[in-house]
Amino acid sequence: MTLLTHSSASPSTSLAARSFLRAPPFRAHVAPSTIPSPFRPRLLRLRASPRVKATLTVDSPTTGGASSPNGPPIVLLEVKDLKAVIKESGQEILRGVNLIINEGEIHAIMGKNGSGKSTFSKVLVGHPDYEVTEGSVSFKGQNLLDMEPEERSHVGLFMSFQSPVEIPGVSNFDFLLMAFNARRRNKGLPPVEPLEFYSLVTPKVAALNMNPKFLDRNVNEGFSGGEKKRNEILQLAVLEAELAILDEIDSGLDVDALQDVAKAVNGLLTPNNSVLMITHYLRLLEYINPNYVHIMEDGIIIKTGDVSLAKQLEKEGYRGISVS
Amino acid sequence: MTCCSSSAPFATPAPPLSFHPLRGRSAPSLTFPSTARAPRSVAARAALSDPFVLEIAEKFEDSLSSSPAAAASPLPLQKLRDSSSQSLLSRRWPSSKDEPFRFTNLSFLKSSVLLPVSSLTTPLDCPIDSPLPHLLSIVNGHVAPSLSRLAALPDDVYVGSVSALPPGPALDRVLAALSDGFADGDLFWDLNGVGAPDMAVVFVPAGVRIVDEPIHVRFCYSEGSEVESKQLAVSSPRVLVVVEKGAEVAIAEEHLGVGESEDRCYWANSVMEILIGEGGKVVHSYVQRQSMNAAHIKWTFARQETSSTYELAEVSTGGRLSRHNLNIQQLGPDTVTELAAFHVSQNNQMQDLHSKIILDHPRGYSRQLHKCIVSHSSGHAVFDGNVRVNRFAQQTDAGQLTRTLLLAPRATANVKPNLQIVANDVKCSHGAAISDLEEDQLFYFQARGIDLKTARDALVFSFGAEVISRIPFEPIKKSVTSQLKHLLTTQ
Ligand SMILES: Nc1ncnc2c1ncn2[C@@H]1O[C@H](COP(=O)(O)OP(=O)(O)OP(=O)(O)O)[C@@H](O)[C@H]1O
Ligand SMILES: [Mg+2]
Chain A
1 MTLLTHSSAS PSTSLAARSF LRAPPFRAHV APSTIPSPFR PRLLRLRASP RVKATLTVDS
61 PTTGGASSPN GPPIVLLEVK DLKAVIKESG QEILRGVNLI INEGEIHAIM GKNGSGKSTF
121 SKVLVGHPDY EVTEGSVSFK GQNLLDMEPE ERSHVGLFMS FQSPVEIPGV SNFDFLLMAF
181 NARRRNKGLP PVEPLEFYSL VTPKVAALNM NPKFLDRNVN EGFSGGEKKR NEILQLAVLE
241 AELAILDEID SGLDVDALQD VAKAVNGLLT PNNSVLMITH YLRLLEYINP NYVHIMEDGI
301 IIKTGDVSLA KQLEKEGYRG ISVS
Chain B
1 MTCCSSSAPF ATPAPPLSFH PLRGRSAPSL TFPSTARAPR SVAARAALSD PFVLEIAEKF
61 EDSLSSSPAA AASPLPLQKL RDSSSQSLLS RRWPSSKDEP FRFTNLSFLK SSVLLPVSSL
121 TTPLDCPIDS PLPHLLSIVN GHVAPSLSRL AALPDDVYVG SVSALPPGPA LDRVLAALSD
181 GFADGDLFWD LNGVGAPDMA VVFVPAGVRI VDEPIHVRFC YSEGSEVESK QLAVSSPRVL
241 VVVEKGAEVA IAEEHLGVGE SEDRCYWANS VMEILIGEGG KVVHSYVQRQ SMNAAHIKWT
301 FARQETSSTY ELAEVSTGGR LSRHNLNIQQ LGPDTVTELA AFHVSQNNQM QDLHSKIILD
361 HPRGYSRQLH KCIVSHSSGH AVFDGNVRVN RFAQQTDAGQ LTRTLLLAPR ATANVKPNLQ
421 IVANDVKCSH GAAISDLEED QLFYFQARGI DLKTARDALV FSFGAEVISR IPFEPIKKSV
481 TSQLKHLLTT Q
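These protein sequence lines are chains A and B, in that order. For the first sequence, UniProt numbering gives the first residue as 1, with consecutive numbering after it. For the second sequence, UniProt numbering gives the first residue as 1, with consecutive numbering after it.
For the record, the hints were derived by calculation from the structure and aren't laboratory data. Mixed in with the good hints, there may be bad ones.
[Claimed, not checked] Simulated pairs of lysine-lysine, DSS-like, Cα-Cα distance not exceeding 27 Å: (1) A:140 with A:311; (2) A:213 with B:485; (3) A:187 with B:453.
[As the list claims (entries may be wrong)] Cβ pair distances, simulated, as ranges: (4) B:437 with A:89: 20 to 26 Å; (5) B:437 with A:314: 41 to 47 Å; (6) B:213 with A:281: 57 to 63 Å; (7) A:141 with B:131: 39 to 45 Å; (8) A:240 with B:378: 30 to 36 Å; (9) A:131 with B:410: 23 to 29 Å; (10) A:71 with B:485: 36 to 42 Å; (11) A:192 with B:378: 27 to 33 Å.
No residue lacks a Cβ here, since even glycine has one placed at the ideal position from N, Cα and C.
Let the hints inform the model, and build the full structure from the sequences given.
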């Protein structure tokens, strides 16, 4: 396992370990906050492995393209010892997050309210409220932390907001078109005309069982909680992403809506793209099966396992999950 | 001084010398040549008049009496000038100590050489490019029939200069409307009355509806001077709209500098007076896109009879100094009033809306939305919105909302929404907010791959979209939209 955790930087080693275990590698680490920072990342990797070992014995994940049969898994996102504070107050929220997501994997993060899940996802997409004080994030081998939020979107990162803002005066259609054409411009492609875009977007609206009228309404303005979530997934469907971070996409959804959304997300999955879901409920994970489930507590990932961890959580609550 | 004469002063050219005493400096002791003047008004003038104000008034009179049309001034205009000059006598040039001008600095006007626009000069380079079928052009305050297109209007509707208005019910109505007077007027209202060389009349008889195709009332200003000249050519356009019982009219009002005056300096001091009969309706859009070096002061005074409706959507982006005085009075119960305004103040611009809605009768409904963007440190916005619900205005439903976006560090806005409620059974609400763009909204765009500048532009534009969407005339809405997109993105 020590080898395995090191392997994040060395795919060939990782492959060996993976095929041997036929189980996902675990790269989430417990970060003892007492370790002086310059040495922490490396030490962590060394130390963390034995701890997560225990959870390795559980059933292997039921789904997922976690392993690519013909080659080494390709690392999509690598978060190392990420620490972040709230800019305004300097209060530290992320206290050393480690996470590796390979192409084709589905991950879930669970954790108590206020444990830092949304902060983590917002930091990944570059929200201006937070400042990264330590650690690194690479996405497809590039330093994500150096990029503006819009560049992060262009390289294939998408986050659906837990509470999407309302944007009065901008229609959903115009917003989608603006975003779509921004993406195209970034790729050196000419913009699409509204008419062409309309025929491109309507099937996606239909697939989400959304009323086409939502395109004419202002972005999220007056949308119900569930409608906002659907709308986030519509944006994902239009923009596509290599890594979709879905922050509580299931909260506030009725049963039908949850199925629509899950179907849409599953429909977007390819062997190459990955999903990071944040959720409080097992229900979502039954529709979108994760390879890994991580538990976040107080700004760090304290435990990683598979879906059985979520089942345990459902039964016993967070009391049942303890690191020590 | 003809200024206070009650006879028809403009019909007879006044002896030039007679003006000098009134040019202010030593006025009181000098004698007046005209016998028409009563000693009492001399005394009044001596006590109250403001030399600067009188000087402007005199210039107007000089220019009007020297114009060839003066001799034939129609009765309504004579009446207007008489009453205006009478009331002008007690006006002072406003200072920042006067509440209505507390934040609105008029020194641009005071420090300029004010010259009345000479006479009827219809520029040939003012093209008719109205997208609307009915067009009434008013050039430097004069109705310009050759630049208007009114043939498609119903026969009994009158749109044109008061001087061509034949005797009959329309003229009677116009005269009656003028004699009502306007107690809430100010110096600029009176100056317009004294200086108006013409008056446009829109008369819609009972039951007639001009709704689908609005009347485009286009105010053109062509006599601007170079900015360095310190001269302001003053125009005083005047429009009276009379909508009789059950009639409806849609009016698209627009103010702009034409030809070389597109960016020159001038002063437009206009008045539009609107009378809406019982059950009548006026749908009014007002677009102010004057030269950025112009001064634009406008009065809109609307009176609403029982069960009438008045809707106004205003977009004001031009002028260095722009002030809109909006006054709505209720003459009977069950009126509906919906006002929306969007102002943009950029570099060195002042945009000011002073509005007053006075409700004196039961069951009135009024809504007012004011939105304003100040996008430059030297930009300034002022809003004073008064809604007065008087004692007999029970079951009034009045709402008022003002929102200002300050996009630059030292940008200034002074907003004063205020509801005065005397009646006890009413539903009233108001709100005010001044802010920058929302960080979270900007980030939402960015998170979807849209860069900050595009996001800002979209949000800034969308801020005004709420008001623009209320302009009911598609071609006007379109042109305003593209003008604003241009204005708000090229800074
Ligand atoms: N911009 C901010 N300003 C102030 N406090 C913040 C800010 N962002 C996060 N926090 C605080 O940081 C902590 C973590 O918040 P976060 O939203 O990440 O929690 P979460 O795990 O997503 O919780 P939930 O399950 O309720 O969504 C909370 O205590 C929250 O109040
Ligand atoms: Mg959260």
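Pair hint residue 213 (chain A) and residue 485 (chain B), alpha-carbon separation not exceeding 27 Å: Distance of about 25 Å is within 27 Å: holds.
Supplied distance hint 20 to 26 Å, evaluated on CB atoms of residue 437 (chain B) and residue 89 (chain A): holds (22 Å)
C-beta pair residue 192 (chain A), residue 378 (chain B): status relative to the range 27 to 33 Å that was hinted: About 40 Å separates the Cβ atoms of residue 192 (chain A) and residue 378 (chain B), which means 27 to 33 Å is violated.
Residue 213 (chain B) versus residue 281 (chain A) beta-carbon gap, inside 57 to 63 Å or not: holds (58 Å)
C-beta pair residue 240 (chain A), residue 378 (chain B): status relative to the range 30 to 36 Å that was hinted: Hint violated: Cβ distance 45 Å, outside 30 to 36 Å.
Status of the given 23 to 29 Å range, CB of residue 410 (chain B) versus CB of residue 131 (chain A): holds (28 Å)
Straight-line alpha-carbon gap residue 140 (chain A) to residue 311 (chain A), limit 27 Å: violated (32 Å)
Outcome of range test on Cβ distance (residue 437 (chain B), residue 314 (chain A); 41 to 47 Å): At 42 Å between Cβs, range holds.
Cβ distance range 39 to 45 Å for residue 141 (chain A) and residue 131 (chain B), holds or violated: violated (55 Å)
Given hint residue 453 (chain B) paired with residue 187 (chain A) - CA-CA distance at most 27 Å: OK: residue 187 (chain A) and residue 453 (chain B) at ~19 Å, within 27 Å.
Distance restraint evaluation - residue 71 (chain A), residue 485 (chain B), Cβ atoms, bounds 36 to 42 Å: violated (50 Å)
The structure fails to meet hints 1, 7, 8, 10, 11 from the earlier list, while all remaining hints are met.
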